[in-house]
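Novice: Given next are the chains, with one letter for each unit.
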Amino acid sequence: MTGGILLYAEVTRQGYVHTVFFELANKARELSTKLNNAPVMAILFTKPGMLPDYKEGFTYSGIDKVFVFEDEKFGEYNTETYSNLIINLVKEIQPEIFLIGATNQGRDLAPRISSTLGTGLTADCIELDISEKGLLAATRPTFGGQLMATILCKTKPQMATVRPKVFKPSVDIGYKETEFTYREVKPEDFKENVQLEKFMQVYENDLNELDSAEIIVAGGKGMKGEEGFKMLKELADLLGGTVGATRGAVDLGYAPHTMQIGQTGKIIHSLRDFRRNPAHCRNYGSRTYNLHKQ
Amino acid sequence: MKIALCVKQVPDTSDIKWTENNTMQREGVESILNPYDVYAVEAALKLKKTYGAEITVFTMGPMQAEDILKNIIALGVDNGVLISDRKFAGADTFATGKTVSAAIKKILPDFDIILCGQFAIDGDTAQTGPCIASLLNIPQVTYVKKINEYSDGTITATRLLDDGIESVKVKAPALLCILKSEFEPSRALINGIIKAQDTKITTLTLEDLGLNPEDVGIKGSPTYVSKAFRPEVKHTGEKHDCLETGTGAEIILNKIKEIGVLG
Ligand SMILES: Cc1cc2nc3c(=O)[nH]c(=O)nc-3n(C[C@H](O)[C@H](O)[C@H](O)COP(=O)(O)OP(=O)(O)OC[C@H]3O[C@@H](n4cnc5c(N)ncnc54)[C@H](O)[C@@H]3O)c2cc1C
Ligand SMILES: Nc1ncnc2c1ncn2[C@@H]1O[C@H](COP(=O)(O)O)[C@@H](O)[C@H]1O
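Going line by line, the protein sequences match chains A and B. Sequential numbering from 43 applies to the first sequence in this note's numbering. Sequential numbering from 1095 applies to the second sequence in this note's numbering.
Accuracy of the hints is not assured; some may be wrong.
Example chain B residues on the side facing chain A (calculated, C-beta under 10 Å, incomplete) [as the list claims (entries may be wrong)]:
1) S1228
2) P1233
3) V1235
4) Y1244
5) I1259
6) K1289
7) A1290
Hints are computed from structural coordinates only; laboratory data are not their basis. All values reported here derive from a predicted model rather than from experimental measurement. Note that CB positions come from ideal geometry on N, CA and C, so glycine has one too.
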């Protein structure tokens, strides 16, 4: 089988499939309809015994085929090991399109794969479409969000990393028979040039809060300084939310970059829109159900 | 220890003016050293101070980019290499990676560490570093906040990620992509400036690198821009001037009630 759209299913440290995968899956299904229903496939690296927990998420999102790499060591991401295994798979199945979430891991992994394959990679996209000629048209912000560029790729696979939260996650498209194929992993596939010594989860300003917060109180240059943001924090705490900042405020040093929202920071959506639309509401609920291991 | 330092000259994005056709108005836009590369330079200088390294700074860009190389040499970097040829123009990250890695191979084949910025503020792809690493077939460590130690050919570094902090060990030769840090960047000293003036910058052309014209610049780039546009910024907010009236808190409270986040 050659052709089709390949997606990387990143497994987080907590052991669930990263939300961005379900967003990629949804978009890929849409792109597939413009490519004569090309198959949508996924790559998964997992510890043994975990697959049953993930299966439902893949079928539910309408993935046709999942390539599973299983090993005890896959609890921990390693750039060289993962990229080498993926490169071999890509050479064999020759997908038209290969999408990866623009997470820390995805942005570390994707350029390694694309440059070894000698193909193009569009970073940090916020929109994907199929051009009249059937090519992947990937749109991304440049110059700190001041200019948008739609980028095409001359070689295959056409690769792109996609920002989390820019696409809606997949909705249940009815039961679908997903094929799970185990791929061989040999001891020599593991590279040990980089070794993880220690991981510390939380620190100073809880980096990931913006990703999960339901209420965000955001401020801009009008906050006039750090003091202003302290007041916002008080309000946010009272509302059970977190603080966001505009680029302008961050550039002036009023707030840390980790608080920045928008195209050049963390992308956020209005949950109210989700709630107003019953389809999204259902989707939101089951998303929570599906992503976290029980 | 031998360090290859990769830097990029970028337009100052806080100062960009756009023409009616959405192209950047290049005249009068100042070129600066990519702000992230400032930290890569600092990391290199710190390694030099602690372990005694020889640092060579590489940049691919137009002839004017020689200025930033001189500025960096004035800070204490030893050598500068300018990779410049009309045929390199229009390179995407893959073609840039190819060209820069070829230059490092030629000038500093026995490097121990390559330092890059995490990303450049113009293209903002964060891809060039990993491209260089994979083309040289060496390990990479991205999102490096701090290089803690170098001993027995092993580098210990701290990575800052969305979900926390990692401490990793990597065997040299390796490539590290450096994030912004809190420290004050170094300033050039008079001696440094004098030394920089006397230091000869090595210039490399396509011919010097022995690459194929098809492999570099716009021809060697698998990606191309089909369309560029300026996004519309929608300002749907309401503006209240309440410094005089002192009604700010009330307005905000009513808004909060209205959108129903109070439950
Ligand atoms: C194409 C494009 C894309 C962009 N993408 C992003 C993005 O993704 N994320 C992002 O964060 N930014 C982005 N920006 C920049 C964004 O427009 C500015 O960061 C944002 O508008 C700044 O808002 P601000 O409130 O901080 O300041 P301003 O826009 O300068 O001010 C907003 C309001 O606050 C008032 N104000 C400002 N300073 C004071 C003060 N000291 N006292 C009282 N009132 C004050 C102003 O009068 C104004 O009414 C983008 C810009 C462009 C052109
Ligand atoms: N033309 C170039 N010459 C040398 N180094 C570069 C060049 N372009 C990018 N880099 C390096 O790659 C990093 C990431 O750039 P980018 O992939 O453009 O975001 C920069 O911080 C530099 O260290």
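Novice: Does each hint hold? Answer for all of them.
Specialist: Tested hints:
| no. | hint | result |
| --- | --- | --- |
| 1 | S1228 | holds (5 Å) |
| 2 | P1233 | holds (4 Å) |
| 3 | V1235 | holds (6 Å) |
| 4 | Y1244 | violated (15 Å) |
| 5 | I1259 | holds (5 Å) |
| 6 | K1289 | violated (33 Å) |
| 7 | A1290 | violated (30 Å) |
Violated hints, listed in ascending order, are 4, 6, 7; each of the other numbered hints is respected by the structure.
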